[in-house]
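Asks: One letter stands for each residue in the lines below.
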Amino acid sequence: MKHVFQHPPESTTGKHYWRSLGEYSDSPEFRQWLEREFPQGIAELNGDEWSRRDFVKLMGASMALAGVGLTSCRRPELHLVPFTKNVEWTIPGKFLYYATAMPRRNGAIPLLATTVDGRPIKLDGNPLHPATGEATDTFTQASILDLYDPTRSKRFVRDGKTIKREDFDAYLKDLRNKLLVDHGDSVAFLVEETNSPTRERLRGELEKNLPGMRWCVYEPLLSQGTIAATQDAFGAGARVIPKFDRADVVLALDSDFLDCGQGDLACEHAQRQHEPALCCGKSVHAHGRDGRSSAALSG
Amino acid sequence: MANFFPRWTNWIPLKLVVCGIITVCGLTAATWYYATPKYTKIGYEPVQPVPFPHDIHVSQLGMDCRYCHSFVEMAAQSNVPNTQTCMNCHTQVQKDNPKLEPVRTSWKTGNPVEWVWIYRTVDYVYYNHAAHVNRGISCFSCHGPVNHMSTVYLAKPHSMAWCLDCHRHPENFLRPEDQVFNLDWKPDDVKPAEFVAKYGTPVDASEDFSKKKKLTQAEIGQTLKEHWNINPPTNCQGCHR
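Residue numbers (the numbering used here), protein chains in the order written: chain A, 1 to 299; chain B, 1 to 241.
Bear in mind the hints are in silico, worked out from the structure with no lab data behind them. The reader is advised that the hints may include incorrect statements.
As the list claims (entries may be wrong) - DSS-like mimics (lysine-lysine), calculated; alpha carbons at most 27 Å apart, straight line:
{"hint": "1", "chain 1": "B", "residue 1": "K95", "chain 2": "A", "residue 2": "K85"}
{"hint": "2", "chain 1": "A", "residue 1": "K154", "chain 2": "B", "residue 2": "K108"}
{"hint": "3", "chain 1": "B", "residue 1": "K191", "chain 2": "A", "residue 2": "K85"}
{"hint": "4", "chain 1": "B", "residue 1": "K95", "chain 2": "A", "residue 2": "K164"}
As the list claims (entries may be wrong) - Covered stretches of chain B (chain A as the covering partner; in silico rule of three or more C-beta atoms under 8 Å from a C-beta of chain A):
{"hint": "5", "segment": "73-79"}
{"hint": "6", "segment": "104-114"}
If you're wondering where the values come from, they're calculated on a predicted model, not measured in any experiment. Backbone N, C-alpha and C fix where the C-beta goes; we use that ideal spot for every residue, glycine too.
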């Protein structure tokens, strides 16, 4: 049985309800838009060359004819597609693991990368590393997607146009010559904080050639304060690596210590003996083990 | 009351039944024969992008299967050679042969050669090449005399019944592990004394195999089956897992 859903007829007396401002104003533009959006009798295709019934008849006939010819009863031709050049060390269908590290502000997170056919699919903490065990953090887990980021730069671009590698090399050479003229007085490097020895070495080489250059380290949350406090408390060259696995109570003042995305994953170490009580916040609350249930994260 | 139907109509029900039985039997037999892998697949010989002659490479030049299908002993999947493997030789041998144009194009452009898949194991079947070739099942048992094929065709049906033939009686197919990639091997090639010294004799052997002149496939297979403790799965989950 066919159901026809229709709005109840508008009553000519009593209150007049409207569903949109357009309907309320009842302007010609609105009526035109309404006709374009919901043309009268669209479901029936009346007045057209084809009615809906004709269309269904024709489609039914073509489906039946398609069946007569057994169109889809052919052996599908599939292909074996080997690599053009082999991926080193891979065995088809088996994982290949690489030990690697993800650089962080105060160090690096030791990792194991699982690859299939030369493509990394998973990052895990390196279980052989004494500092972190198998721990990783959210940033590490998410970084696997960076490797497949479609917006990663794959070409050399100048003024929005693709250029050749040689053009870029020439540009760099030009730039170098310009900088060497004034011994680097006109250049500044803006970099993130990191512990990379490679970057320190490169910086040394740059300073040799460009003694006048400026080297600026910027982080939204610079660890200078931490360094100064550590120096005051424990002397120069010290660095605090909290071992949360041994803590009964953790008191955190204005510190998001659970987000230890700085290369220190001690707090996420897998061999944690017990859950420490957490106390964070702008005002000081101290909870012992008894008060663990009431300990709340705030701030 | 007059007869509405003439006399000959009395036989119509019987005729209908007989016709029906013949039709049903005929359809069943035809489906049984024509719609099973034994008929539909055997001899499938598609046109490959390069008409790779196995007979020249293996029988004439003496190449081992594992030069190209290099992971067959290690992986579940036996790989087809990549372009690099072809070009190891064909940068020097037959380097202007027009038949090899797809390989050279692939090498230049980096796009792989698309070989047409002949031996296709469906996704709901687990098959491990390494497990078979490392335990005395030769390439020959499943792929036929590939070393004499000028172009590869499907030589065995690869139906489930065919798999089970071997899983129920592996002794009919097992051979010494060093002969797995020798597709021309015959049971007569085995020297009984050496064979017995290496693999022993089955428990219920009626005679001393080492004193026999020749060993049959059944004797060799039974010996190897007991020596390697081969017990192929015949339950559903063995392959459909």
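Asks: Each hint needs a verdict: does it hold in this structure or not?
Replies: Consistency of the hints with the structure:
With a C-alpha separation of about 18 Å, the suggested pair K95(B) and K85(A) falls inside the 27 Å cut-off, and the hint holds. Taking the CA atoms of K154(A) and K108(B), the gap is near 21 Å; set against the 27 Å cutoff, the hint holds. Taken as a hint, the K191(B) and K85(A) pair is broken in the structure, with Cα atoms around 43 Å apart against an allowance of 27 Å. Using a Cα cut-off of 27 Å, the hinted pair K95(B) and K164(A) is violated, with the two alpha carbons roughly 32 Å apart.
Requiring three or more residues with a Cβ within less than 8 Å of a Cβ of chain A, the coverage given for the segment 73-79 of chain B holds, as 5 such residues are present. With 7 residues having a beta carbon nearer than 8 Å to a beta carbon of chain A, the segment 104-114 of chain B meets the requirement of three or more and the stated coverage holds.
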